[in-house]
Amino acid sequence: MAARVIVTTSGKGGVGKTTSTANIAAALAKFGKKVVAIDADVGLRNLDVIMGLENRVVYNFIDVIEKTCKISQALVKDKRVPGLFLLPAAQTRTKDAVNPEQMIALCEELKPDFDFILLDCPAGIEGGFKNAAAGADEALVVTTPEIPAVRDADRIIGMLESMGKSPIRLIINRLRPNMVQDGDMLAKDDILDVLSIDLIGVVPEDENVIRSTNNGEPMTMSLDSPAAHAYLNIAERLLGRDVPLMDLESYAGRGFFSWIKKFFSGGSKKK
Amino acid sequence: MLNLLNKLRKPEAYLKLERTHYGIKIFLPENVSENAVIRALMKIKADSYKLPENQGIAFDFAGRLCTRNLILHMLNSLIWEKGLKVIAWLSGNPDTIKLLNEAGLSTSEPALNLQEKSQESQIKHENEHEHETKKIKIPRIKIVYGSMRGGQKVETDGDVLLWGHLNPGAEIIAGGSIIVAGKLLGVVHAGGFAANRDDVFIWAGHFETPQVRIANKLCYVDPNSAAYWRKSVLITLEENTPVIRENKF
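Line order of the protein sequences matches chains A and X. Quick note: to get this note's numbering, add 271 to the position in the first sequence (first position is 1). For the second sequence, position 19 matches number -1 in this note's numbering, and the numbering has no gaps at all.
Mixed in with the good hints there might be a few duds.
Stated by the list, open to error - Below 25 Å or equal to it, Euclidean Cα-Cα: the simulated DSS-like pairs (lysine-lysine) are:
no.: 1; chain 1: A; residue 1: K459; chain 2: X; residue 2: K211
no.: 2; chain 1: X; residue 1: K(-4); chain 2: X; residue 2: K78
no.: 3; chain 1: X; residue 1: K211; chain 2: A; residue 2: K283
no.: 4; chain 1: A; residue 1: K304; chain 2: A; residue 2: K348
no.: 5; chain 1: A; residue 1: K305; chain 2: A; residue 2: K341
Don't read these hints as lab results, they were simulated from the structure.
If we strip away everything but chain A, and leave its shape as in the complex, we get (with noise of 0.2 Å):
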């Protein structure tokens, strides 16, 4: 087993890479895969409590590269989803506590073991930013449809170029068809004639979201919901599936609702 090793990065802060980050990890895991999820944003760890477990955080990757304790000590797994794991940041310590290096040395030491290994990004073009890209290969890009994360994804897509990680990919989040219907929101293709890559998938905006970070569970491990459905559909394509895009469109202007009755009913949720 040689793990794929891929940074969800944006460059502005919150657009979703956090989220991102715990529900595709938690869907490959769900396709049966061996994953675990770094947070690489020391000093401002979230992913914990977004995949809710936060409670059983006892060493972070820090202490596995200052040798304080072994790999094995502070990966935290996941009960609820097998093969799912966290490697959780350190809160007490900054991002210099780190450099490339010995982030390309824990992905190498962590390689064997799994199939997937996801770096969550801290915002930013800084150390955070190089420490978490200098790991990986693959990259995914999220961006929201707004003129300045959009501008953002740009620079870092070039950043991410010119460090030769291939392939990048692009997640759309947080997209409301309504608006992009009536003109007052980028439209998908709008920001890929922007950014120039391939898309991987488009999330779109999802109160469920903020439930199910509240509630410390990502959707994608048992949610029935929009988002819950890309983020899904999102993982089977970082599989080499060819799963076709959600018809947002479809159901712009009658709202989610109208499109969760729709799939529970059987109609068609993919176009």
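Chain A is fixed; fit chain X onto it per the hints.
Positioned in the frame of chain A, the structure of chain X alone reads:
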């Protein structure tokens, strides 16, 4: 015994330095391993090359085939980490030049710095014949293949042809003219630097930027009223006034 130890030791790489009119040129050796080059580069101390404001460092790969790994190491552990001001990445190897261009790095030999330019001008005034015999290498045109993303910048004394889009947050500053074959969404400044030329032009395949700089003129464009918005345009300076013409032929 000593000979045996010497044989086992990894071959060292030595960096050759050269003083130039724009600062320092660092030649990377061609016939040693990439790891040896990286080891040699890592020995450069943060305050080793404190140069005047108008000077910088050029790395010269000569015929060496440069890899993404080497560029990444240089950016991460040397340039960003130690704060070196790199103004050019030179190479005689076509694959290396392509890789550097794709990364948005300047591969042109830096032109004369401002101070030296003014000195040159003075010399020409005083002794025109002597100056005519002196060869100065100024880049004519720089072709950038692929789109430039936010944060990427190209600066050159000559002309620039961008064979791609210029995304928001990306910049081209040229002493000469600028052609953006794709979408112009970022910042362009033609006839910039000390050149301040008024015989330059900007051509864009798809004009969608709110600001254009040509020579010493700064023009703002209102997307709501500009008829040429998102059209193919030519921008020139006529009687010291910027003129934007839509491609209608």
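Hints, verified against the model:
no. : hint                 : result
1   : K459(A) with K211(X) : holds (22 Å)
2   : K(-4)(X) with K78(X) : holds (24 Å)
3   : K211(X) with K283(A) : violated (30 Å)
4   : K304(A) with K348(A) : holds (14 Å)
5   : K305(A) with K341(A) : holds (19 Å)
In terms of the numbered hints stated before, the structure departs from hint 3 and from no other.
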